[in-house]
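> Chains as they are written, first to last, in numbering that gives the first Met the number 0: chain A, 0 to 272; chain B, 0 to 543; chain C, 0 to 314.
Calculated from the structure, these hints are not laboratory results.
Beta carbons are placed, not taken as given, at the ideal position from N, Cα and C, and that holds for glycine.
Heads up, a few of these hints could be off.
[Said to hold, decoys possible] Okay, the calculated beta carbon distance ranges per label pair:
| hint | chain 1 | residue 1 | chain 2 | residue 2 | range |
| --- | --- | --- | --- | --- | --- |
| 1 | C | LEU301 | A | ALA73 | 40 to 46 angstroms |
| 2 | A | GLY98 | C | ASP75 | 39 to 45 angstroms |
| 3 | C | ARG232 | B | THR114 | 23 to 29 angstroms |
| 4 | B | ARG239 | C | GLY228 | 46 to 52 angstroms |
| 5 | C | LEU98 | B | GLY320 | 49 to 55 angstroms |
| 6 | A | ALA10 | C | ALA171 | 47 to 53 angstroms |
[As the list claims (entries may be wrong)] Subject to a maximum C-alpha distance of 16 angstroms in a straight line, what follows is the list of computed EDC-like cross-link-like pairs (lysine to aspartate or glutamate):
| hint | chain 1 | residue 1 | chain 2 | residue 2 |
| --- | --- | --- | --- | --- |
| 7 | B | LYS379 | A | GLU179 |
| 8 | B | LYS100 | C | ASP307 |
| 9 | C | LYS6 | A | ASP109 |
| 10 | B | LYS165 | B | ASP130 |
[Said to hold, decoys possible] Calculated Cβ distances over 12 angstroms to all of chain C for the following chain A residues:
| hint | residue |
| --- | --- |
| 11 | LEU27 |
| 12 | LEU175 |
| 13 | PRO183 |
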Amino acid sequence: MKALANRSLLAGCLITGLVALMALVSFLWTPYDVTKLVVADRTQAPSLIHWFGTDHFGRDIASMIMVGARNSIAVALVAVGIGMGIGVPLGLFAAARGGLADEALMRLNDLVFAFPALLSAIMITAIFGPGAINAIIAIGIFNVPVFARVARAGALSVWPREFILAARAAGKSQTLITVEHILPNIANQLLVQGTIQFALGILAEAGLSYLGLGAQPPMPSWGRMLFDAQTRMTVAPWMALFPGMAIVITVLGLNLLGDGIADLLDPKSRRRR
Amino acid sequence: MSLLEIENLSLSIGAVPVLSDVDLSVEQGEIVALVGESGSGKSMTALTVMQLLPHAARTSGRVLLDGTNLLEASEEHMCTLRGDDIGMVFQEPMTALNPLKTIGEQVAEGIRWHTRASRAEAEERTRRILDRVGLPEAKFPLSRYPHELSGGQRQRVVIAIACALKPRLLIADEPTTALDVVLQAQVLDLLRDLVAENRMGLLLISHDLAVVADMADRITILRNGQVMEDGEAAQVLSVRTHPYTRQLAQASTHVPEIRAAAAHNTLDSPQAPLLVVQNLTRDYPGRRLSLLRRGAPTRAVDDVSFSIAPGRSVALVGRSGCGKSTLARMILALDRPTAGEIRFRGETLTGRSEAELKPARRDMQVVFQDPYGSFDPRQKVVKLVTEPLHLLEKPPTGTERRDMAAAALAEVGLGSDALEKYPHEFSGGQRQRISIARAIITRPRLVVADEPVSALDVSIRAQILDLFADLNARLGIAYLFITHDLTVARAITDEVMVMEEGRIVERGLTHAVLDDPQSGAARELVSAAPDLKRALERRLREQG
Amino acid sequence: MTAYLAKRLAIAAITLALASVVVFAMLEIVPGDPARVMLGMNASETQVAQLRQQMGLDGGPVQRYLHWAGNLLSLDFGRSYTYSVPVIDLVTERLAVSLPLALIALALSTAIAIPVGLYAASRRGKTGDVISMGAAQLGVAVPNFWFALLLVYLFAVWLRWLPAGGFPGWGAGIWPALKALLLPALALALPQAAILARVTRSALVDVLSEDYIRTARAKGMPWRRVLWGHALRNALIPVVTIMGLQFAFLLAGTIIIENVFYLPGLGRLIFQAITQRDLIVVESVVMLLVATVIAVNLIVDLSYALVDPRLRSRA
Numbered sequence: 000m001k002a003l004a005n006r007s008l009l010a011g012c013l014i015t016g017l018v019a020l021m022a023l024v025s026f027l028w029t030p031y032d033v034t035k036l037v038v039a040d041r042t043q044a045p046s047l048i049h050w051f052g053t054d055h056f057g058r059d060i061a062s063m064i065m066v067g068a069r070n071s072i073a074v075a076l077v078a079v080g081i082g083m084g085i086g087v088p089l090g091l092f093a094a095a096r097g098g099l100a101d102e103a104l105m106r107l108n109d110l111v112f113a114f115p116a117l118l119s120a121i122m123i124t125a126i127f128g129p130g131a132i133n134a135i136i137a138i139g140i141f142n143v144p145v146f147a148r149v150a151r152a153g154a155l156s157v158w159p160r161e162f163i164l165a166a167r168a169a170g171k172s173q174t175l176i177t178v179e180h181i182l183p184n185i186a187n188q189l190l191v192q193g194t195i196q197f198a199l200g201i202l203a204e205a206g207l208s209y210l211g212l213g214a215q216p217p218m219p220s221w222g223r224m225l226f227d228a229q230t231r232m233t234v235a236p237w238m239a240l241f242p243g244m245a246i247v248i249t250v251l252g253l254n255l256l257g258d259g260i261a262d263l264l265d266p267k268s269r270r271r272r
Numbered sequence: 000m001s002l003l004e005i006e007n008l009s010l011s012i013g014a015v016p017v018l019s020d021v022d023l024s025v026e027q028g029e030i031v032a033l034v035g036e037s038g039s040g041k042s043m044t045a046l047t048v049m050q051l052l053p054h055a056a057r058t059s060g061r062v063l064l065d066g067t068n069l070l071e072a073s074e075e076h077m078c079t080l081r082g083d084d085i086g087m088v089f090q091e092p093m094t095a096l097n098p099l100k101t102i103g104e105q106v107a108e109g110i111r112w113h114t115r116a117s118r119a120e121a122e123e124r125t126r127r128i129l130d131r132v133g134l135p136e137a138k139f140p141l142s143r144y145p146h147e148l149s150g151g152q153r154q155r156v157v158i159a160i161a162c163a164l165k166p167r168l169l170i171a172d173e174p175t176t177a178l179d180v181v182l183q184a185q186v187l188d189l190l191r192d193l194v195a196e197n198r199m200g201l202l203l204i205s206h207d208l209a210v211v212a213d214m215a216d217r218i219t220i221l222r223n224g225q226v227m228e229d230g231e232a233a234q235v236l237s238v239r240t241h242p243y244t245r246q247l248a249q250a251s252t253h254v255p256e257i258r259a260a261a262a263h264n265t266l267d268s269p270q271a272p273l274l275v276v277q278n279l280t281r282d283y284p285g286r287r288l289s290l291l292r293r294g295a296p297t298r299a300v301d302d303v304s305f306s307i308a309p310g311r312s313v314a315l316v317g318r319s320g321c322g323k324s325t326l327a328r329m330i331l332a333l334d335r336p337t338a339g340e341i342r343f344r345g346e347t348l349t350g351r352s353e354a355e356l357k358p359a360r361r362d363m364q365v366v367f368q369d370p371y372g373s374f375d376p377r378q379k380v381v382k383l384v385t386e387p388l389h390l391l392e393k394p395p396t397g398t399e400r401r402d403m404a405a406a407a408l409a410e411v412g413l414g415s416d417a418l419e420k421y422p423h424e425f426s427g428g429q430r431q432r433i434s435i436a437r438a439i440i441t442r443p444r445l446v447v448a449d450e451p452v453s454a455l456d457v458s459i460r461a462q463i464l465d466l467f468a469d470l471n472a473r474l475g476i477a478y479l480f481i482t483h484d485l486t487v488a489r490a491i492t493d494e495v496m497v498m499e500e501g502r503i504v505e506r507g508l509t510h511a512v513l514d515d516p517q518s519g520a521a522r523e524l525v526s527a528a529p530d531l532k533r534a535l536e537r538r539l540r541e542q543g
Numbered sequence: 000m001t002a003y004l005a006k007r008l009a010i011a012a013i014t015l016a017l018a019s020v021v022v023f024a025m026l027e028i029v030p031g032d033p034a035r036v037m038l039g040m041n042a043s044e045t046q047v048a049q050l051r052q053q054m055g056l057d058g059g060p061v062q063r064y065l066h067w068a069g070n071l072l073s074l075d076f077g078r079s080y081t082y083s084v085p086v087i088d089l090v091t092e093r094l095a096v097s098l099p100l101a102l103i104a105l106a107l108s109t110a111i112a113i114p115v116g117l118y119a120a121s122r123r124g125k126t127g128d129v130i131s132m133g134a135a136q137l138g139v140a141v142p143n144f145w146f147a148l149l150l151v152y153l154f155a156v157w158l159r160w161l162p163a164g165g166f167p168g169w170g171a172g173i174w175p176a177l178k179a180l181l182l183p184a185l186a187l188a189l190p191q192a193a194i195l196a197r198v199t200r201s202a203l204v205d206v207l208s209e210d211y212i213r214t215a216r217a218k219g220m221p222w223r224r225v226l227w228g229h230a231l232r233n234a235l236i237p238v239v240t241i242m243g244l245q246f247a248f249l250l251a252g253t254i255i256i257e258n259v260f261y262l263p264g265l266g267r268l269i270f271q272a273i274t275q276r277d278l279i280v281v282e283s284v285v286m287l288l289v290a291t292v293i294a295v296n297l298i299v300d301l302s303y304a305l306v307d308p309r310l311r312s313r314a
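Bound-form chain A, shown alone:
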């Protein structure tokens, strides 16, 4: 089991690292300029010149995937940041206080959960018009209750343990105990949830930009590329194939990473060693 955990961890790190690297390199260099439309080169099949072919404007798909990675990663990462930054303190607070504060937070969670990210995005877009920021806000809002729940559940399982009683007997305040004992003991769960939400964020961003609710052209995004590909499936299937594979590989890498971390840190599998 440990070997398996290490294998997913290794594969996860490798894939995630490569995708991140690809996004970073795209700032300095891409095979072709993605802003330049070359009508003569449009819808060319994959070849040695254009590895993944070109789209209906003659843009190089490989280059667009590289630049699109930036957008996907940025949106998903900021959305995880929003979710953690707001959700974790709320969850910790609710667990520490209990009673009315806890009940209020849980009801608020129910409320946000009733709006799937796509619905929030649609509402926001309906009002403010489309854009990458909308996607970040919509996905970020949906992440808040997810992290609040994980933090609260984790904290609630730590609070009754004897070392917390010992810390209270040592006169430590709720805040101090939360920072010194609770948070470090649930950090693993938060980390694992973070990679899961990151992966879900990539998927959600792709969905939103496919619908035109995310990043706007000419900024390339994976979802938008698939939208453009849809009507050209018969003549240029590669336009759909490669961006989709980019999404699958990125999400797979993140999920493997999360699984690897979870298995590595799970006390059950640790005892098995």
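Starting from the known structure of chain A, fit chains B and C onto it as the hints suggest.
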């Protein structure tokens, strides 16, 4: 031919050897005890007989039940034997029953499976066996769910499942370890009667020599997977040929030497009391019956008053659920009393803010039962032990903290190399030492210890009791020992308070209360407590 | 049991009320005059005033909210500006596509996931487990609309077995309608099935290490009966939780998938309404979807009580 015959049994899980060359036999109608400390392989022996070992387990040797080698039996064959010819009772009654099925369904399931009885027939048999184990249908209908029963009642259900078909061999793996002494005595009596009625063979697995001295015909002592000694019970326990048997027997009745010399013999003390508890009461709100209605509140602690003099060691004993832990938490200001007052060093603690409590907390520390759960697994020992230093007026510097931690560790017999380690790197006994080091680092005048040795093996327990006695003698620390184990109370305390249903019903010098209990609750505890010496005397008398 | 029921119902009602306030407030904060926004810059003042009155935009915010919420309760969602029909008619017509789609997808995903999860858990660590969970791991990573494109390419463009999109309507007969929904449902279901299979497996693996499983085996129950009789029911609680959450994702998923297959469902309706700035339709459909999610969560909570006797005896 014996009912169960284990010959040259060796077992390894993965690369770890668990048992080597174990021999053991159980005759029909005989009670055989398998005794050993944790990690000795006694539970694995039981699971080998049941063929319920983990997948990575490899066995060699022979396990014969009526001449059939179970190690070579197919899974189908084992399914016909388990529950029908071999029954098993487990240690932890709280988790041994399926929470989603009624007790009736769970008992009847095995009956129907093995006998192909009709539903009505199986229910009738279920009713009879549940009645036999002390759960009559009038009070405990078959439609009850496990969560509606107490731990003792659940263990009776598990016994009913194991004995429903009158198996020829019953295996009981620490069946009473999770129960308090009174329940333990009841469950052991029940097992003994069932064995006698049905002429079952019983393999009783235990870590407690006193328990088995009372029950077993023969004893096998196991250590690190090897049989140390076996023979007729009274013989093994009285002659104690093997040094390990001797060590075990001594440890289980151990009284620290310092105490034997310096015991206080009067209840009165010339000094002003350190801790005074007056008319303390704690109510918990009743269960919510509907949105607006709640049930009557339960009173966990009911009008309790007592005091503890400086340097005195006091035991608070009682059955599980009698309110002793709630009382301890209120004294430690970790829980608020509903009414009454607690005074410590002449100052009242009740209703104080956390900041105002600091000086009192400095003088009052705590040691918990579970040496695994009482440390933050992510912190090093140096950080753990110095946590109470937070209570000092002037927080010490880094090097001062280290020095104080090293000094506290030295007090409990650990070297300063422990400072940079994590708690999981230590054994249970060492962890309890670290826990004590944390409690004494602020030089408190009172330490409240909640079952501090009940999770430890007997030999380790003896060492920790010595340490407590030593610290009491050298540093003059007063103790409030919360325990259900009277041997611990006898070993280490001057006074005993007996608690029942939230009230203190008896109080006196330890030996006086334990030798001549007055209240019903105290008498019940004393008579139910397993006592190696008494049990042996009785056995030897019976045998003439 | 009644106390648990009452509490869950009250929570659902409160959540629904709060959600309606949120939806209402979102429209209130539309920059400028919503009627003007909807009609665009070329509309005349009288047209705007007319629409304002129709949308109930006169009066204070509290009054307007109560008016709006009251109408919602009596299923009066107002009139669509672009379609010039009552929104309720539009919604019921579109629901006839979206609801069957979501339900078929849920049924498909459950029918695939539970057996796979059971199989993997009972063959834990063996080849079958590794292969099926590897496939699930991959399935979780596939975006449903991309999967939909691949399905269209395979079954419609290449094999020509099924239509690439569009919906003949239920009037054209059950079979052609179902045929049109098959690929969309499959595209929605498979990624969800992958998640559900993983949850089922891990819930079962956790339950199988519990003490009461050992008790059942010590009774002599064969492995299969222990798995079906004891383990599955205990593992159901996390599985049902995820199924409830998935329904929300499926609903949201229909919005995307209907756009891939050009299905005239709620998703397409809301999408067209956004581009045409028909805010009344947007808020009505959002409210409807939110209410569905809340209702499904309520059903999930109640099903816990059916499975778990401990909940029944607690408030």
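> Now tell me, hint by hint, if it's right for this structure.
Quick rundown of the hints versus the structure:
no. : hint                                      : in the structure
1   : C:LEU301 <-> A:ALA73: 40 to 46 angstroms  : 41 angstroms, holds
2   : A:GLY98 <-> C:ASP75: 39 to 45 angstroms   : 40 angstroms, holds
3   : C:ARG232 <-> B:THR114: 23 to 29 angstroms : 24 angstroms, holds
4   : B:ARG239 <-> C:GLY228: 46 to 52 angstroms : 49 angstroms, holds
5   : C:LEU98 <-> B:GLY320: 49 to 55 angstroms  : 53 angstroms, holds
6   : A:ALA10 <-> C:ALA171: 47 to 53 angstroms  : 48 angstroms, holds
7   : B:LYS379 <-> A:GLU179                     : 13 angstroms, holds
8   : B:LYS100 <-> C:ASP307                     : 9 angstroms, holds
9   : C:LYS6 <-> A:ASP109                       : 14 angstroms, holds
10  : B:LYS165 <-> B:ASP130                     : 15 angstroms, holds
11  : LEU27                                     : 28 angstroms, holds
12  : LEU175                                    : 33 angstroms, holds
13  : PRO183                                    : 25 angstroms, holds
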